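J.: Assemble the complex: chain A is given as a structure, and chain B must be docked to it using the hints.
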Amino acid sequence: MADPLLEIRDLSVTFDTARGPVHAVKHVSWSVGPGEVLAILGESGSGKSVSSSAVLDLIDMPPGRIDSGEILFEGRNILEMSKAERRRLNGRRIAMIFQDPLSHLNPVWTVGWQVEETMVLHGTPRAEAKAETLRLLAKVGIPDPAAAAEKYPHQFSGGQRQRLMIAMALALKPDVLIADEPTTALDVTVQAQILGLLEELQKETGMALVIITHDLGVVAEIAQRVVVMSKGEIVEAGSAAEVYRNPQHPYTRRLIAAAPGKGEIRAEAEPPAPVLSLQNVSKKYGAFTALHGISYQLGEGETLAIVGESGSGKSTTARLLLRLEEASGGRALYRGRDLFAMPPKELHAMRRDIQMVFQDPTQSLNPRMTVFQLISEGWAIHPGIVEKSRWKARVAELLREVGLSEEHMHRHPHQFSGGQRQRIAIARALALEPRIIVCDEAVSALDVQVQAQVIELLARLRASHGLSYIFIAHDLPVVRDFADRVLVMQGGRIVEQGSVQQIFEAPREAYTRALLAASLDPDPEVQARRRAARKREAGAAPPSAASAPAPSHRSAPASPAARPARCGRRNPAAAPPHPPAPPPPAHRRGRRPGTRSPAAPCRPRRGSAPRSPRSRPSATAPAASA
Amino acid sequence: MSDLHPVSGSRRDPGAPGPLLRLLKMLWADKPATCAALFLLLVVLCAVFGPMLLDAVASKQNLRGRNAPPFDLSQPWVMWLGGDQLGRPLLARIVTAASNTMAIATGAVLASMTIGTALGLAAGWSRGRLGQAIPRLADVIMSFPSLLLAVIVLYMLEPSVGNIILVLAITRIPVYLRTARAEVLEVRERMFVQAAIVMGASVPRIVFRHILPVILPTLVTIATLDFAFVMLAESALSFLGIGIQPPEVTWGLMVAQGRPYLTTAWGLSFWPGLAIILTTLSLNLLSNWMRIALDPAQRWRLETGGKKNG
Chain A
226 MADPLLEIRD LSVTFDTARG PVHAVKHVSW SVGPGEVLAI LGESGSGKSV SSSAVLDLID
286 MPPGRIDSGE ILFEGRNILE MSKAERRRLN GRRIAMIFQD PLSHLNPVWT VGWQVEETMV
346 LHGTPRAEAK AETLRLLAKV GIPDPAAAAE KYPHQFSGGQ RQRLMIAMAL ALKPDVLIAD
406 EPTTALDVTV QAQILGLLEE LQKETGMALV IITHDLGVVA EIAQRVVVMS KGEIVEAGSA
466 AEVYRNPQHP YTRRLIAAAP GKGEIRAEAE PPAPVLSLQN VSKKYGAFTA LHGISYQLGE
526 GETLAIVGES GSGKSTTARL LLRLEEASGG RALYRGRDLF AMPPKELHAM RRDIQMVFQD
586 PTQSLNPRMT VFQLISEGWA IHPGIVEKSR WKARVAELLR EVGLSEEHMH RHPHQFSGGQ
646 RQRIAIARAL ALEPRIIVCD EAVSALDVQV QAQVIELLAR LRASHGLSYI FIAHDLPVVR
706 DFADRVLVMQ GGRIVEQGSV QQIFEAPREA YTRALLAASL DPDPEVQARR RAARKREAGA
766 APPSAASAPA PSHRSAPASP AARPARCGRR NPAAAPPHPP APPPPAHRRG RRPGTRSPAA
826 PCRPRRGSAP RSPRSRPSAT APAASA
Chain B
11 MSDLHPVSGS RRDPGAPGPL LRLLKMLWAD KPATCAALFL LLVVLCAVFG PMLLDAVASK
71 QNLRGRNAPP FDLSQPWVMW LGGDQLGRPL LARIVTAASN TMAIATGAVL ASMTIGTALG
131 LAAGWSRGRL GQAIPRLADV IMSFPSLLLA VIVLYMLEPS VGNIILVLAI TRIPVYLRTA
191 RAEVLEVRER MFVQAAIVMG ASVPRIVFRH ILPVILPTLV TIATLDFAFV MLAESALSFL
251 GIGIQPPEVT WGLMVAQGRP YLTTAWGLSF WPGLAIILTT LSLNLLSNWM RIALDPAQRW
311 RLETGGKKNG
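The listed protein sequences correspond, in order, to chains A and B.
Take the first sequence: its position 458, counted from the start at 1, is 683 in the working numbering, and no numbers get skipped.
Take the second sequence: its position 37, counted from the start at 1, is 47 in the working numbering, and no numbers get skipped.
With the rest of the complex left out, here is chain A:
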């Protein structure tokens, strides 16, 4: 490795708060060289973003302060530079992209102007900047750059906005690009595209890339080296493959063990008697149809996962079931009665039986109520479940059941962590002794380890209470070892439904395969194989990518036998040594910058599962949000 381009040595940052100083990062050191991809991996609150914020002078001081350490860029300590000098560095030499592109693009200017502005600020003449902008937009895969430059940010989808942010960051050909959770807010297929784009651009320009993420899959997909952070300290550092295969620190081990989609698939049982059955349910919002007459059944004690990308209508089905919105057509039979046509009194009684756990527990728990009030509220609404004199005892019981303790009863939601809050929300749902619990992205907002714990809790409750779940998720691995059946939705229609085994091991529909292929595996070798397979399938791999220097662990696909334990759960055909190589379809050539066809701009490049010999280039898998 050449001299590091950007090096952080012994950095400590402290924030002074009213509750005393908080040490955000403690004696952190990392470095990144030209052409290298470094991932900083950590859960929320681990301080993974703080060091890069320090690089870009984004830390508010006060309350923050840098206690020790230096940040060397090309050997110069930028902490000792003047503000003006640092401003010249920011954007031009070191650029950053953020998680939520919408909040970082100014809504009142056209995107073209905003990209230009970055360059004009650093002294490029306006006309030159304009031409360069069009070139950049084409490079990051925005269709019809000239027209796109005249549009406003809200007119783009989430994935395209992230492409715009990347265009903006690349405008001045930075030497270091820092990406803070660049794909967290995006759908899986879009995430795969954006990571592909970043990697491709990084290879082409030879810049250093620092990716801050909580997702092991992102690390496996793109990073060469990884730094694992926990509680403000670096607990482990090394090559991505090495850290995954041979984690030294217990924290890293726990993190890897918690990655979803690793356990046993639940054994297929006889289809149970249906408790809930939807028939031809549709929902229209004015002229827009969110649901095109879908039908499915939920069996007694069964867990049905509904998977799809944003805009697929998966949450709409839940909202209709719970009568948060009225269906436009169809029936939902619960024990022979139509939920959609129930008189208010019957509906009120039915509420007890079908409960919901929402995505964000911060939002779904009233911030002004104590835990006791939150959990016992249902008993005030439905008298007769628990006598008032027993409320306290029962709340304590429920809290213990979800893994909290009795003394948490008098606290308010803000005094808990995200995972604990979700446990409170689950306890609240359980308080009514429901038959069915609808989990709408109930674990999506949680850290990986917490996610695993909450899913374990849900599985335990399923066994002890005989619950049926409708488990809505956008991520396939999460549902793999939890659900009985999976229902894949796209554009308000059910694309495919079947047992977990069938969906994961023999998906019939191209869209399902696309979703499976786009979800990232935490194992760098699996990801490397998938990439290799993709390349082979794409026929002639782009020469620029092929000739780029790649570290050994990613250029040579490991033999399938090397990781039997991990690969065994996958379809043996997942990584065929020589998959058939169909001629490259038009949109696949998009991997090469400049040759992207404007007609098919944002197709998921990994749209067709490249691991399966059955897979075909998927023209039927447009990115939902692209």
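Just so you know, the hints here were simulated from the structure itself, not pulled from any lab data.
There's no promise every hint is true.
[As the list claims (entries may be wrong)] Simulated restraints on C-beta separations:
(1) 150(B) x 356(A): 54 to 64 Å
(2) 143(B) x 573(A): 22 to 32 Å
(3) 690(A) x 150(B): 27 to 37 Å
(4) 246(A) x 228(B): 29 to 39 Å
(5) 291(B) x 270(A): 38 to 48 Å
(6) 632(A) x 291(B): 34 to 44 Å
[Stated by the list, open to error] A partial selection of chain A residues facing chain B, derived with a Cβ cut-off under 10 Å:
(7) 584
(8) 592
(9) 603
This one's a predicted model, so the numbers in the text were calculated from it and none came from an experiment.
The beta carbon of each residue, even a glycine, is placed where N, CA and C say it ideally should be.
T.: Then chain B, alone, in the frame of chain A:
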């Protein structure tokens, strides 16, 4: 301040301090609010007991002491702030006037807040015709100049304390109505409201248990600001001669009556004016403290007794 009452974590063991004691400790943590609370307590005591104790003194004329200057310590203590245009002791008059002033301001603010909030909640929650009609009502009230409305009503009705409260309350209703409606429209879309619907909660339960506590701090803050406005509006009415009629007295009326003598005896207008300013200032400080004390997520700022609230 941090050396006083290190009570951090006190809420973690329930039952240790009583709720009232905890409230007082939280008040003590915010010194300006403590001063404000003490001042308001004094004003309330004046309002309740003033007329009883000092009415005779306050209405006794003494033409020799007309426009007597303040700080003449040779006089009895009621004259320390000077005398008014008829030689009545100003201090005693301010104390007795607190009663009427407080009655009008409190009555008008409470009435307008209650009615305005109730209408606002209904307007915000109802998606039907009610939700359309109520905001129009606010528009109608706001399209009248409030003073003109007051003049008309008080010209027709007799200018009494009750009628003044009525007039002032009507003109202030739209403020609460609009704020409450806007906040309800926002809060009703929050997840915890949907969670309550899923649980089967009735509409009154959702509105009063889930929505009202969230929007109440905003409304209380507006109400304290309004308190000052109402006191001044009352004095404007008195100034026009349709407010409180002498020999009844309010602070606003005292300011108005002192106006012709401003060049010769500034005290006549100054002291009641100061009473108005200090009262509203105290209310503002106290409402700021209350906003934090009522919010479970912010309360620690006061419980740790450390940093000042922000």
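J.: Mind listing which of the numbered hints don't hold for this structure, in increasing order?
T.: Failing hint: just 3.
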